[in-house]
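Trainee: Now for the letters of each chain:
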Amino acid sequence: MVKTSGKDALKITSEAALAFIREMQKRFPKPPQTEAEKARLRAYLAKFPDPYLKAVGTRVQSDLMLRPPRTIEPKDFEKTDAAAVKPRASRRSRGASRAPKLGDRGRR
Amino acid sequence: MSYESNRVSEQLRVLRPEISNFIVRYNASAGPEGGGPRQTVFLFPGGMASRLVRAKKPYQPGPDQVFDYDDVWLTPTTFLGGARDLKMRRVAPGDYRDKRKRIIVSDGLVNLFGVTPYVSFTAWCALKKLDYFVFPWDWRRSVHDVGALFIEKFLPYFRNLVMQGCNNADPLARFSLIGHSAGGMVVNWAFRSSDPIMAGLDKAITVATPFYGYGGQVHRWFEGEEILNGPFDIYRPGIIRAISSFPGCYAWMFLPEDLFRANKVAFAADPNFPLAAYPSVDFAGGGVVDPYNPQTNGALGRYPAFSASGFDVIELAAGEVVARFLSWPLSAAQANRFWNIRADTQAGNTLDTTRWKWVPPTWPCPIIDASVTAGDSVQPGWTARHIDLEGLAPGHVITIPNPSAEHATLINVAQTIARIAGILGIPFP
Numbered sequence: 000m001v002k003t004s005g006k007d008a009l010k011i012t013s014e015a016a017l018a019f020i021r022e023m024q025k026r027f028p029k030p031p032q033t034e035a036e037k038a039r040l041r042a043y044l045a046k047f048p049d050p051y052l053k054a055v056g057t058r059v060q061s062d063l064m065l066r067p068p069r070t071i072e073p074k075d076f077e078k079t080d081a082a083a084v085k086p087r088a089s090r091r092s093r094g095a096s097r098a099p100k101l102g103d104r105g106r107r
Numbered sequence: 000m001s002y003e004s005n006r007v008s009e010q011l012r013v014l015r016p017e018i019s020n021f022i023v024r025y026n027a028s029a030g031p032e033g034g035g036p037r038q039t040v041f042l043f044p045g046g047m048a049s050r051l052v053r054a055k056k057p058y059q060p061g062p063d064q065v066f067d068y069d070d071v072w073l074t075p076t077t078f079l080g081g082a083r084d085l086k087m088r089r090v091a092p093g094d095y096r097d098k099r100k101r102i103i104v105s106d107g108l109v110n111l112f113g114v115t116p117y118v119s120f121t122a123w124c125a126l127k128k129l130d131y132f133v134f135p136w137d138w139r140r141s142v143h144d145v146g147a148l149f150i151e152k153f154l155p156y157f158r159n160l161v162m163q164g165c166n167n168a169d170p171l172a173r174f175s176l177i178g179h180s181a182g183g184m185v186v187n188w189a190f191r192s193s194d195p196i197m198a199g200l201d202k203a204i205t206v207a208t209p210f211y212g213y214g215g216q217v218h219r220w221f222e223g224e225e226i227l228n229g230p231f232d233i234y235r236p237g238i239i240r241a242i243s244s245f246p247g248c249y250a251w252m253f254l255p256e257d258l259f260r261a262n263k264v265a266f267a268a269d270p271n272f273p274l275a276a277y278p279s280v281d282f283a284g285g286g287v288v289d290p291y292n293p294q295t296n297g298a299l300g301r302y303p304a305f306s307a308s309g310f311d312v313i314e315l316a317a318g319e320v321v322a323r324f325l326s327w328p329l330s331a332a333q334a335n336r337f338w339n340i341r342a343d344t345q346a347g348n349t350l351d352t353t354r355w356k357w358v359p360p361t362w363p364c365p366i367i368d369a370s371v372t373a374g375d376s377v378q379p380g381w382t383a384r385h386i387d388l389e390g391l392a393p394g395h396v397i398t399i400p401n402p403s404a405e406h407a408t409l410i411n412v413a414q415t416i417a418r419i420a421g422i423l424g425i426p427f428p
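Read top to bottom, the protein sequences are chains A and B. Final position of the first sequence in numbering that gives the first Met the number 0 is 107; the numbers increase by one with none missing. Final position of the second sequence in numbering that gives the first Met the number 0 is 428; the numbers increase by one with none missing.
Everything labelled a hint here was simulated from the structure, so no lab data went into it. From a predicted model like this one, the values you see are computed outputs, not experimental measurements. Please note that a few of the clues may not be correct.
Only pairs whose alpha carbons sit at most 27 Å apart, straight line, appear in this in silico BS3-like list of lysine-lysine [said to hold, decoys possible]: (1) A:K74 with A:K46; (2) A:K10 with A:K46; (3) B:K98 with A:K25; (4) B:K98 with A:K37; (5) B:K356 with A:K74.
Only part of the chain A face toward chain B is listed, based on derived beta-carbon distances under 10 Å [as the list claims (entries may be wrong)]: (6) A16; (7) Q24; (8) F27; (9) P31; (10) T33; (11) Y43; (12) K46; (13) Y51; (14) K53; (15) V55; (16) G56; (17) T70; (18) I71; (19) P73; (20) F76.
Note that CB positions come from ideal geometry on N, CA and C, so glycine has one too.
Based on the provided sequences and hints, a complete structural model is requested.
Mentor: Shown next, in the form of structure tokens:
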């Protein structure tokens, strides 16, 4: 997390915003349907300070505009041969072997 | 009445409160700061910046119905698997149904954890007493679908209500369009229209809009969207199916290769953002891989099968038509009222070219990001302007060099607003 100054908005990295979302997803494995479930979600979010939530909201909206949710460093691409090109997966690559194949589940 | 006619009637209905707000602002103002004739400015938000709401009940055949709505994009629930409810289904050419026939319309801008985009820009519009309207649009749909709705349905509706509420003042006597990101694609489509209602169009401005695609979308056919995929990718199959059902997304990929070849010299000659080679190549052999002309290699191809993921070759073909139309050469008259604003964060970390493996397997993702370049962190600089524009209308391609000029917030940056003000003839600050 990067706080620039007292007057500047709080900023967080893509990785930190993704971690926040992942934690929320783990705590709420299904979309809340009942009023009680929705209230539980609201109560969970209310634990976080507004500036932090806004920083997450800002970062997530930026990342959803079609960029990967990770910090991109030019040095990651300094070598351009096939062996050195960078796959997009970040923390997901650690779980790639456990990732479901398309169509295995979640088919709607 | 049909599902589509009901969807359109509901879309117009939910925009009525904002039209009323426009009327209130219009009547409270004597005109823009600095004098001059009144002008209406329509802002088209970027892709995914428009709030989408979903009817609580399914559509039933019969007279047009009025629905209550739940937020479906973008709320905390969206990340808890709710994004899968955005999936569409094509029932006929150009005719789509929302999931479980629960109509989805766009209603305002997203607000996630208290953050709404474009606040600075709209505040500036209000400060300068510009007659502005933020036109939210369903970014899942094709640009031509949205553009047709805007021109053929919304503008007459808007004009009629405003004239009734503002002593017969015509809000379309002089108006401009500003589009951010994919919203600029709608602007690009609309400003080429010869519909009589567009006669009052003065300026068309794009901000951080891709004209020749970018490398991010092609990942999503295979990866979904990481933030939405859930822990251990539990939602990923459904997210991929949803994304694959959105006709709009198919026009966001790298330009057709023959288009690049036809403009190769011009692309390479951009002094600030040159593109020397086609940006998508085969992972092993380095040959061109045109996303709109996928080849086969025996049993191997470039995209997942429809049965596996919902990737739709019909939508791919339609997306190519849109991509070609939006990059069609400009006339001198068009160029004179067209501006493209792009950004350079000066970090050199905007993803640029890609390498593409044959599929199957479709996992891990066969798309590899191969390089970075100057841009706004999402769009490389070379894609964010029409290749003809600077030659036809010098000064109409504007680059904002600023570390804060990231894609999502570019339109809020003071330098950007200053340039828009100059284009519109509004004093700044």
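Trainee: So, for every hint listed, does it hold in this structure?
Mentor: Going through the hints against the structure:
no.: 1; hint: A:K74 with A:K46; result: violated, 38 Å
no.: 2; hint: A:K10 with A:K46; result: holds, 18 Å
no.: 3; hint: B:K98 with A:K25; result: holds, 25 Å
no.: 4; hint: B:K98 with A:K37; result: holds, 22 Å
no.: 5; hint: B:K356 with A:K74; result: holds, 23 Å
no.: 6; hint: A16; result: holds, 8 Å
no.: 7; hint: Q24; result: holds, 5 Å
no.: 8; hint: F27; result: holds, 5 Å
no.: 9; hint: P31; result: holds, 6 Å
no.: 10; hint: T33; result: violated, 13 Å
no.: 11; hint: Y43; result: holds, 9 Å
no.: 12; hint: K46; result: violated, 13 Å
no.: 13; hint: Y51; result: holds, 9 Å
no.: 14; hint: K53; result: holds, 5 Å
no.: 15; hint: V55; result: holds, 6 Å
no.: 16; hint: G56; result: holds, 3 Å
no.: 17; hint: T70; result: holds, 8 Å
no.: 18; hint: I71; result: holds, 4 Å
no.: 19; hint: P73; result: holds, 5 Å
no.: 20; hint: F76; result: holds, 5 Å
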